[in-house]
Structures are given as C-alpha cells and as structure tokens.
Amino acid sequence: MEWLCMKQWSPYVVGIGIGVLSWFAFLLSDKPIGVSTAFSRTSGMIEKLFRGKITTEKAYYKTFPPTIDWEWMLMVGILAGAFLSAEFSDSFRIAWVPMKWGSTFGDSPALRWIGSLAGGIMIGMGARWAGGCTSGHGISGTLQLAASSWLAAAAFFAGGIITAIFLFQVL
Amino acid sequence: MLKTLHQSKGIQLAIGFFLGVIFGFLLQKGGVTQYDIIVGQLLLTDFTVLKIMLSAVVTGMIGIHLLRMAGMVALHPKPGSIGSSLVGGLIFGVGFGILGYCPGTMAGAVGEGSLDVLFGGIPGVLIGTGLFAKFYPVLEKKILNVGYFGEVTFPQLLKVNQWWVIVPTVIGISALLFAIEMSGF
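From first to last, the protein sequence lines are chains E and L.
Number 113 in my numbering belongs to position 113 of the first sequence; there are no gaps in the numbering.
To convert a position in the second sequence, counted from 1, into my numbering, add 171.
Hints in this document: simulated from the structure, not taken from any laboratory.
Watch out, some of these pointers could steer you wrong.
[To be verified] With a straight-line Cα cutoff of 20 angstroms, these simulated EDC-like cross-link-like pairs (lysine to aspartate or glutamate) come out:
(1) E:Lys7 x E:Asp69
(2) E:Lys62 x L:Glu311
(3) L:Lys174 x E:Asp69
(4) L:Lys180 x E:Asp69
(5) E:Lys31 x E:Asp69
Please put together the full structure from these sequences, using the hints given.
Put into structure tokens, the structure is as follows:
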C-alpha cells in the first residue's frame, strides 16, 4: 500500500482518477461534480441563522436553498480526503503564508489574510456569477462539451493568468 | 434501479461524501491543494494543474458519452451567456490569481493545514457568494442574461454527432499534453 503514502502522484494518474470519479457521480447520483454551490448554500445557512426567514425568501436562495445536500457532503468529503492523503504522506502542515507568496510579498500573515479574503470574495462572486467553478465548469462542464463551460473555463484561466502575472511580475 | 438510487436522499448524502473523499485524496496527491503549484500554473511555469484537468476531461468525456449511449446517464450542461459565463469567469479569474485556490482545492487545502484558506479564503468565498445572492435580482435583470445561449453543447451547435466533436477534441488535448511534456514542462 506504499503508493497511498507517496507524496505526489503523476498528474495523469490523478486526472484519469478524477475523470473516472465523474463517471460515478453521473451514474450513482445523476450529478456533475461541482463545488461552488456548496459554498453558496453554506453562506445561506449562516445568514439564515442570523436573519431567519428573510434569507430563505431571497430569489437566489429559492433556486439554491440553503440546505445540506449531495454537493455539500462532497465539499466536506474533499476536506476529509485531502486530510487523509496528507496524513498518509506526512504532508500535513499548519501554515499561514505559502512559500511563493512569502518570497514575493513577504511573510506577514496579516497581508496574506487580507489577500486571501479579497481573493476569496471574488472567487465566491465570480463562481456564482458564472454558474460554476473550475470543477463544475472546468471539468464537469467541459467534458459534457457545454459551450457555457468552455467559455467560463477559458475566462477563469485568462483572468487568473493575467492577475498572477500582474501581481508577481509587474508589481 | 439507478433512478431509485438517485432519489434516495440519505444514501445520496453518503455517496456525495464518499466521492468527495476520493476527490480530495486525488487532489492532494496531485499536489493541487498547494498554493505554489496552482500559482505556478497561472504563472505558466508549472503545468500540473492543466495536466490533471485535461486528463480528467478526456477520461470523463469518453466515459460519460459512452455511458450516455448505453442509456445509463444523462447530461446536465449548464446554461450560459456572455454576461454570466464570460464576465463571471473573469471575476473568478482575478480572485483565482489573488487567492491562489479554487473552491474545490480550498476545501482540500484546509484538510492539508492551510490557515490562510481556513480563515481568509473560506470566509471570503462565503461573503462573495452571499453578496451575489444579495445582488442577484438586479444582476439577473441587467447583465446575467446578456448574450444568452442556453445549455447548448458543441455537437448541438455544430449539428453533428457528438463523436465528431469528441474525437478531434481528445486528439487535440492529447497533442497539447504531449507538447507540454516534450518541452520539459
């Protein structure tokens, strides 16, 4: 079982594994793999705690009710699976500032926290705006040959590449 | 029989979790729960992300369409528009470049110990999705449906059998991956 404890697998093995996983998602659950809806539901659930009925009356939360569903469990599963994998390979590391960020922007956790928050807000907005994220559109949608997903995926990466190059090489 | 399975709520929650565990395991083994590797892709110095995603797309594409021909699965393409898919995609992209993770890899990164994702990224995404839900009525009226093209797939657009699209796409992606490998990335 040594392969379970390896620190990194070939990207092709991982990719094929994810592709096969998507077969099972369609087969067993009649659903494409996606993650951003789970965050949207969580946000709604938290808001519902504070504001009650006002939340569930919102048009968006009528389409995507703030409840625990298949995709929410998928998100929690990802966290658990990654933890397991990291434990098996002794890769679990508590860290605030990623190495590449630190060597360019400095080791201040406060700065990284602000950056993560700002980036996260745009990820959340952008994913729901586009109707999916790099899993829902980038993998599940593109393999279904959906025009929406190919367009969204291209935009994800165009935006990401331009932003990263700007942050790391222009600034 | 599959239909009954699809409708069993309790079992589906368990299946979702189980599939997620495998997904998270694969993502971590692939290295894509790490900021350095994702940003490396965006800076075009490390192509791990693309290799993983494209391999998944090729594998998934062939399998799903074969299963569909066998009547065992249905497709669920998402609707799209310029105002939604392109504009939303670019907004996501900017966040992608700043945070250095996407929603799926964020969940994985927390599992690997990344506090910046746990205390910064995740609250950020929750705020972002909440803001979207708040502004949804006006966004839907003004921009989300601009240039709407619906749930159309490329075979439908081109009015051809899906394999006329799948085969060239698989060949094209495979050639791209080969070229990436050959050039040492």
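Would you pick out the hints that fail for this structure and give their numbers low to high?
-> 1
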